[in-house]
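**Q** Sequence:
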Amino acid sequence: QVQLVESGGGLVQAGGSLRLSCAASESIFRANAMGWYRQAPGRQRELVARIISGGSTRYADSVKGRFTISRDNAKNTVSLQMNSLKPEDTAVYYCNQDDFGIEYWGKGTLVTVSS
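Heads up: the sequence shown begins at 568 in our numbering, then just goes up one per residue.
Some clues are possibly wrong.
As the list claims (entries may be wrong) - Calculated cross-link-like contacts (lysine to aspartate or glutamate; reagent style DMTMM-like; alpha-carbon spacing at most 20 Å):
no.: 1; residue 1: K653; residue 2: D666
no.: 2; residue 1: K642; residue 2: E593
no.: 3; residue 1: K653; residue 2: D628
no.: 4; residue 1: K642; residue 2: D628
no.: 5; residue 1: K642; residue 2: D666
no.: 6; residue 1: K674; residue 2: E593
no.: 7; residue 1: K631; residue 2: E655
no.: 8; residue 1: K674; residue 2: E613
no.: 9; residue 1: K653; residue 2: E593
Since the hints were made in silico from the structure, they are not lab data.
Please model the complete structure; the sequences and the hints are all you need to start from.
**A** This is how it looks when you write it as structure tokens:
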């Protein structure tokens, strides 16, 4: 059973930056994709960014140009660099591993952006 542990959340002012990290208990080298999702209060969980095994990335329109996802297969980690944060980015951020249809989730890390 793959375990994913997120870290790096916290409170930041609008315009600031945070870097989230996700540590996987097993190798992510063969994972189809790794991703970050978020869920704000009263809203559905949504995709923030995703990186597939070949290195291609996909971002939600709301974060394009501000967030960058990266993966380090040697360290079994996935990171999300978040710049120019906005209050609407406030949410619990979840790490996701997609093993060709089998999905694993972390417990999430809270990001709060104050105005």
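**Q** Looking at the structure, which of the earlier hints fail to hold?
**A** The structure conflicts with hints 1, 4, 9, although it agrees with all the remaining ones.
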